[in-house]
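> Going line by line, the protein sequences match chains A and B. Each residue of the first sequence is one higher than the one before, starting from 1 at the first, in the working numbering. Each residue of the second sequence is one higher than the one before, starting from 1 at the first, in the working numbering.
It should be emphasised that the hints constitute simulated quantities derived from the structure, not laboratory data. Please read all numbers here as calculations on a predicted model, not as lab measurements. Careful: at least some of the hints might be erroneous.
Said to hold, decoys possible - If you want a taste of the chain B side facing chain A, the calculated C-beta under 10 angstroms gives, among others:
# : residue
1 : V7
2 : I8
3 : V17
4 : C63
5 : S65
Glycine included, every Cβ here is placed at the ideal spot set by N, Cα and C.
Here is how the chains run, residue by residue.
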Amino acid sequence: MQFPIYLDYSSTTPVDPRVAAKMAECLTLEGNFGNPASRSHKIGWKAEEAVEHARKQVADLINCDPREIVWTSGATESDNLAIKGAAHFYSKKGKHIITSKIEHKAVLDSCRQLEREGFEVTYLDPDKNGIISPAAVAAAIRPDTILVSLMHVNNEIGVINDIEAISKITREHKVIFHVDAAQSTGKVEIDLEKMQVDLMSLTAHKTYGPKGIGALFVRRKPRVRIEPQMHGGGHERGMRSGTLATHQIVGMGEAYHLAMTEMAEDNARVLKLRNRLLDGLKDMEEVYVNGDLDHRVAGNLNISFNFVEGESLMMALRNLAVSSGSACTSASLEPSYVLRAIGLNDELAHSSLRMTIGRFTTEEEIDYTIEKVREAVEKLRELSPLWDMFKDGVDISKVQWAAH
Amino acid sequence: MAYSDKVIDHYENPRNVGKMDDSDLNVGTGMVGAPACGDVMRLQIKVNDAGIIEDAKFKTYGCGSAIASSSLLTEWVKGRSLEEATAIKNSDIAEELGLPPVKIHCSVLAEDAIKAAIADVQSKRGA
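Let the sequences and hints guide you as you build the complete structure.
Given below as structure tokens:
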């Protein structure tokens, strides 16, 4: 085994070696290094051909037309372009936007910026399992609503929203629907013939492609308009200027092609490992899985070990690369806003661990993880005054604590 | 976050972990922090008739720096008088452990804990 064991696939994935090989072919003098926008010579045409091939590969994974794909630098840029771009274009129709409290910061902060510009934003509450119900979206739509932005799969708890059902509502009300699919490509089937989504953010680096490349799907029928955020040479039909990074784009295309051909196999293997991990931990006392277990991507386990603080737990698990919803892992000293929004109390939010499994995780690594997590939780509970109190039958929620 | 060697040492080999009998009049208990904030420290001291801290125990729910701060404090207060223990400052703890600014509150909590334990034993003894 190689240490630390990587269990943070929702943060980023390693590039698949098959992807890296394709990318390496697009860099040097002997390779496909040209500027895809060079129309005057063969080297430019060859680069353009590679970019268009990749565009088709990305479109195939989500079942759309390649002409609906706009290359960006990643999901953060796609979210900014979609939300600010659509809001600015349609602002004469209305100034109301709907999103949820558990979106990625790229969505929430884009919405905050629009609020400063005079837009009004409704932040929907998820249910206790972390899911945004279509009914909640329908209830929030007003005559002046122009945009709904929701994630397909949540990055912290891995739960899956019913995008197809929500898209029927937004389409019926003629409201633009943007979906952040950064966490769902290669994990959940995306069919844009069935999902009446107007804008969809995509990224390569969570699906075994490189960092620094993503895309925005912009529907052509019915046509969706956005105001560009990056001005320049008019690349990508004017929606996103900037020289196309051939090697990055080729990497994203190949990664999505592999995701499409291997999704079923990958998911089955990853789910087996996730269940093995959960089975190895769930018999411990005071252990809680956060978020819906059924409507969830295969690789995500977000679990709280009551009376143990997340950062100290990660310190004990230095051979594991995992993440926590504990305040101490963030600069803000606030526990995870996602876990708070699904109703976890502060203690359980501080006690959470997110372990995400992927293509290269092995059974041996999972067994080692189970052993180390159990050891660490037991050790830290021996150190925990809260565990003492729990064992003495004290109800910790009834104790008067002095907040500091 | 990178931890100093001293924080790691206290975290891996915490000194004086345990619990004393709170009904003993010579035992003072300081419980500070709140679960909602991510750290709770329980520091206990046993004081002899001469006013010297004979023994100290702790348990801490919190990050590695909070555990290390309380562990270090139990080492420091043993053998000291109550007056000397009162004089320990959070900045001494932070400096000894090399805590970064974002973790200074852990050392503040440890100072609060020893002060609370001393106040407890003094009130028990009717001092």
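> All hints are to be evaluated individually against the structure, with a verdict given for each.
Structure-based check of each hint:
A cut of 10 angstroms between beta carbons decides the hint on B:V7: the least distance to chain A is about 9 angstroms, and the hint holds. Taken as an interface hint, B:I8 checks out: its beta carbon lies about 8 angstroms from the nearest beta carbon of chain A, inside 10 angstroms. Because the closest C-beta pair between B:V17 and chain A is about 6 angstroms apart, less than 10 angstroms, the hint holds. Nearest Cβ of chain A to the Cβ of B:C63: about 4 angstroms, under the 10 angstroms cut. The hint holds.
For B:S65, the shortest C-beta to C-beta distance to chain A is roughly 8 angstroms, which falls under 10 angstroms, so the interface hint holds.
The earlier numbered hints are all upheld by this structure, with none contradicted.
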